[in-house]
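> Numbering (the UniProt record's numbering), first residue to last: 1 to 282.
These are calculated hints, taken from the structure and not from any lab test. There are no misleading hints in this set.
Here are the simulated DMTMM-like cross-link-like pairs (lysine to aspartate or glutamate), alpha carbons at most 20 Å apart as the crow flies:
(1) K111 / E47
(2) K190 / E65
(3) K180 / E253
Remember, predicted model here, so these are calculated numbers, not experimental data.
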Amino acid sequence: MGIETVAPNRKSSKEFLALAEETNSKSKTRKGRRRQRKMSPVQKLYETCKEVFSFCGAGVIPPAEDIQRLSSVLDAMEPADVGLTPDLPYFRMTVARRTPVITYLHLYECKKFSMGIFCLPPSGVLPLHNHPGMTVFSKLLFGTMHIKSYDWVVGAPEKTLASANPSLVAPPGVHLAKVKVDADFTAPCKTSILYPADGGNMHCFTAVTACAVLDVLGPPYSDPDGRHCQYYLDYPFSRFPDGGVSVPEDEKEGYAWLEDIEKPEDLAVDGAKYRGPEIQEN
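Use the sequences and the hints to build the structure in full.
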């Protein structure tokens, strides 16, 4: 007759299973922590954008807490995080062209959002343009840039009043806008945010010095979806005094007339390969 011998520390199958699950969970947690520690700033930006814009679309603004979260990620970013230094060729003045060439570095784009960097040499200009249905985050990485932005004046008359002098009446395609921002910004500074109908949806960038701006658009431009980039020419409010709008004298500098125009012929934006830390799509 045999005698069954049981080791004092022998575990049952259930105990072994529980121990294995606990060990596996701890291992995953450690790997997750290591991954977070190793995640590059640009990868963190990508991951945050995926979450913030996951349920957004044209005209849909992310919740306030998500706006703040994405802004905080951008606020912390520096030129080295995307492989940029001010001595790169993109930021040098050239004598071959009267209008400086702007370089665009494409980081990522999907239906929900896009990420890219505009590199402007001194005096480089991104002319006045709009962002239809978009929420836009712009982070100045280095340099000094002048930003002028506008929002449409809601309720301004579509048709102007009759006038004895037609040249004083805003023609078709010219609409009233209110100045939102008109100032110089020098890095490091907070991320600027514009919304589909507020915050300066139409803006112009002028490089005071060589500078780089990281742009996040949600959603991105899309001609098939009606999100076309429209350019504008701005006139002072006094240009069309018979425009059917009454503005106090001391406030007139805060308004302008914007005219739809085709893409400026002298605007040159060249694409270049992004050479910063790789973005791992998932």
